[in-house]
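Trainee: Below, each chain spelled out in residue letters.
Protein chains: 2
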Amino acid sequence: MDKKYMARALELAALGEGAVNPNPLVGAVVVKNGKIIGEGYHKKYGGPHAEVFALESAGKEAEGADIYVTLEPCSHYGKTPPCAKKIIEMGIKRCIVASLDPNPLVSGRGIKMLQDAGIEVIVGVMEKEAKELNRVFMKYIIEKKSYLFLKCGITLDGKIATRTGNSKWITNELAREKVQKLRNKYLGIMVGINTVLKDDPSLTARIENGRDPYRIVIDPNLEIPLESKIVNFQDGKSIVITSKENENEAKVSILKEKGVNVQYLEGKEFKVSDILKKTGELGIDGILLEGGSYLISKAFEERVIDGGEIFIAPKILGDEKAISFIKGFSFENIADGFQLENVKINTYGNNVAMEFYK
Amino acid sequence: MDKKYMARALELAALGEGAVNPNPLVGAVVVKNGKIIGEGYHKKYGGPHAEVFALESAGKEAEGADIYVTLEPCSHYGKTPPCAKKIIEMGIKRCIVASLDPNPLVSGRGIKMLQDAGIEVIVGVMEKEAKELNRVFMKYIIEKKSYLFLKCGITLDGKIATRTGNSKWITNELAREKVQKLRNKYLGIMVGINTVLKDDPSLTARIENGRDPYRIVIDPNLEIPLESKIVNFQDGKSIVITSKENENEAKVSILKEKGVNVQYLEGKEFKVSDILKKTGELGIDGILLEGGSYLISKAFEERVIDGGEIFIAPKILGDEKAISFIKGFSFENIADGFQLENVKINTYGNNVAMEFYK
Chain A
0 MDKKYMARAL
10 ELAALGEGAV
20 NPNPLVGAVV
30 VKNGKIIGEG
40 YHKKYGGPHA
50 EVFALESAGK
60 EAEGADIYVT
70 LEPCSHYGKT
80 PPCAKKIIEM
90 GIKRCIVASL
100 DPNPLVSGRG
110 IKMLQDAGIE
120 VIVGVMEKEA
130 KELNRVFMKY
140 IIEKKSYLFL
150 KCGITLDGKI
160 ATRTGNSKWI
170 TNELAREKVQ
180 KLRNKYLGIM
190 VGINTVLKDD
200 PSLTARIENG
210 RDPYRIVIDP
220 NLEIPLESKI
230 VNFQDGKSIV
240 ITSKENENEA
250 KVSILKEKGV
260 NVQYLEGKEF
270 KVSDILKKTG
280 ELGIDGILLE
290 GGSYLISKAF
300 EERVIDGGEI
310 FIAPKILGDE
320 KAISFIKGFS
330 FENIADGFQL
340 ENVKINTYGN
350 NVAMEFYK
Chain B
0 MDKKYMARAL
10 ELAALGEGAV
20 NPNPLVGAVV
30 VKNGKIIGEG
40 YHKKYGGPHA
50 EVFALESAGK
60 EAEGADIYVT
70 LEPCSHYGKT
80 PPCAKKIIEM
90 GIKRCIVASL
100 DPNPLVSGRG
110 IKMLQDAGIE
120 VIVGVMEKEA
130 KELNRVFMKY
140 IIEKKSYLFL
150 KCGITLDGKI
160 ATRTGNSKWI
170 TNELAREKVQ
180 KLRNKYLGIM
190 VGINTVLKDD
200 PSLTARIENG
210 RDPYRIVIDP
220 NLEIPLESKI
230 VNFQDGKSIV
240 ITSKENENEA
250 KVSILKEKGV
260 NVQYLEGKEF
270 KVSDILKKTG
280 ELGIDGILLE
290 GGSYLISKAF
300 EERVIDGGEI
310 FIAPKILGDE
320 KAISFIKGFS
330 FENIADGFQL
340 ENVKINTYGN
350 NVAMEFYK
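So the sequences go chain by chain: A and B. Sequential numbering of the first sequence, starting at 0, is according to numbering that gives the first Met the number 0. Sequential numbering of the second sequence, starting at 0, is according to numbering that gives the first Met the number 0.
It should be emphasised that the hints constitute simulated quantities derived from the structure, not laboratory data. Careful: at least some of the hints might be erroneous.
[Claimed, not checked] Cross-link-like lysine to aspartate or glutamate pairs, in silico, EDC-like; alpha carbons within 16 Å at most:
hint : chain 1 : residue 1 : chain 2 : residue 2
1    : A       : Lys326    : B       : Glu340
2    : B       : Lys320    : A       : Glu319
3    : B       : Lys326    : A       : Glu319
4    : B       : Lys197    : B       : Glu176
5    : A       : Lys43     : A       : Glu319
6    : A       : Lys320    : B       : Glu119
7    : B       : Lys320    : A       : Glu265
8    : A       : Lys320    : B       : Asp335
9    : A       : Lys320    : B       : Glu222
10   : A       : Lys167    : B       : Asp335
11   : B       : Lys167    : A       : Glu331
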């Protein structure tokens, strides 16, 4: 019974995907006498919370009803008044929560506020599903680092481009459509400078009513061409992370004039975990890592990939000099290699993908 | 209506898989007044044909009934009397056939024999499915060459072994179970000499009531160790194909004493198509190609792979020196690479496979 309504609340929560970051996805359902009398979800960053929509759609009927919420109702005045207060005011009798707020500073406070007001609270219904839905938020709030999701499209022999750099197209249209959805889901997209030099990508999310992600280029030597697409969006969403050792002030000035956000890290060989810390500081909760080979390999080496989806096309290059999506390792035994965990197989016509999570 | 009974006949035909080669898989259903009154399939090489089983299970009721057969009834005296004759004798009124006999010498003769006896004959119901079921037979009968089916298990980056040759295990148990089924399905398994030298495989089909396949080793320089498992089965099912230029008569003698069938081809770099011709002459209708890299690459180069199933595990080696399942090619554009056709995606737990056909 509880599970049915929570499943609906999770379904609603998912509708906010791509529009609420770095806020969590939240859904809520108000139930009375076995009937849903109100529904809501967090629709937009800065907008009203799920509980508000659900309670308002229920109206006065909410009195004596149950509310199912996928995340602990907030207890503090932020961009909106606390939802726990609203739940109390509307006369809710029972509150069923999937997962607690991961923020250690506030976790449990919403629950306590409700209980203090005499509301029965049940926590943990479909908790696993709720946490999975908010993987990005959960990591970001606790670690203050961006969540890293790998996307790459490979041939059956693991190549992302031919020896001459040709990479169009490996995957099919269905797979590329899914990539557009991923670009909409994550607040940022990250690529290495070689990808920019080779492909000059625009890294936009070509999806209806979608939101363009922040474009993050890892460019220690500040090699990015001033005429590259990423530099010329003029929307303040292009970020270049370069080395503090660079003294090309002139180029930095031009980039800044073009609205590019230039960020610095120590040294010339950045650790991916430092990059994720930096982007976390910039408020980017999750990043889609799109390549290239060097950055992906570094991320695997540091074991900082939180999840990913690797698309495989029924194509074969059979060329040792074609570009592999990952390189530079040396393992003696199969068991020593990288093993993807919690794998889910997704089919896209004649392409297939392995989706995985840490 | 017709399709429903033919679908059942095809289902029956498939039950003979692994037991009838190099005969075709055939199923038959006898139908009277909208009711199935007899069923049969070709169960075993040399045994009675599908029609015989179906007609005998129908008994006298077969008079005036319809028979659905997946392959044109035979018209000649072979290991058994002609099925067309039996159909006529039993008083069948209508005969529905999925596909004609592919053998140009007899194709259409069974149909004619039936028609001459006044039986109404319909040809082509579910013809595509029937031909797909007998892909091996169709090629073998027409070209007199073994059908070649590739099986390999790879990491996400296309490797079949680490740089030190370790390959156990890449794929999971579910995938390996499927491989056992493939080994039972094809009359022969083929590997290159390097695979024998490295892994000393036994290449048996570990399947209940299964039949061990012929083990074919491509060994131009006759390097096969006399103590290798394949050499010591003493069942006459191990075949070594070596070069005519070899003059190691002593080793050949010992191999023959051990019951190994030594076959010869010209030169030292065999064409895979010549190998398939040779194995076809030996009566092997279909071969499962299990590796290694060299033989697989040659087969791709010659474009003689008729079908295959490539199993992908969620593992990554990221090592340029690990062994790729295919190598030696050089393509400038993605579009120039090998493209698998008629791809079907099969899931085996966290492993996935691409099944494909020419």
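Trainee: For each hint, tell me whether it holds in the structure or not.
Mentor: Here is how each hint holds up against the structure:
no.: 1; hint: Lys326(A) to Glu340(B); in the structure: violated (29 Å)
no.: 2; hint: Lys320(B) to Glu319(A); in the structure: holds (9 Å)
no.: 3; hint: Lys326(B) to Glu319(A); in the structure: holds (6 Å)
no.: 4; hint: Lys197(B) to Glu176(B); in the structure: violated (22 Å)
no.: 5; hint: Lys43(A) to Glu319(A); in the structure: violated (47 Å)
no.: 6; hint: Lys320(A) to Glu119(B); in the structure: violated (62 Å)
no.: 7; hint: Lys320(B) to Glu265(A); in the structure: violated (32 Å)
no.: 8; hint: Lys320(A) to Asp335(B); in the structure: holds (15 Å)
no.: 9; hint: Lys320(A) to Glu222(B); in the structure: violated (31 Å)
no.: 10; hint: Lys167(A) to Asp335(B); in the structure: holds (11 Å)
no.: 11; hint: Lys167(B) to Glu331(A); in the structure: holds (11 Å)
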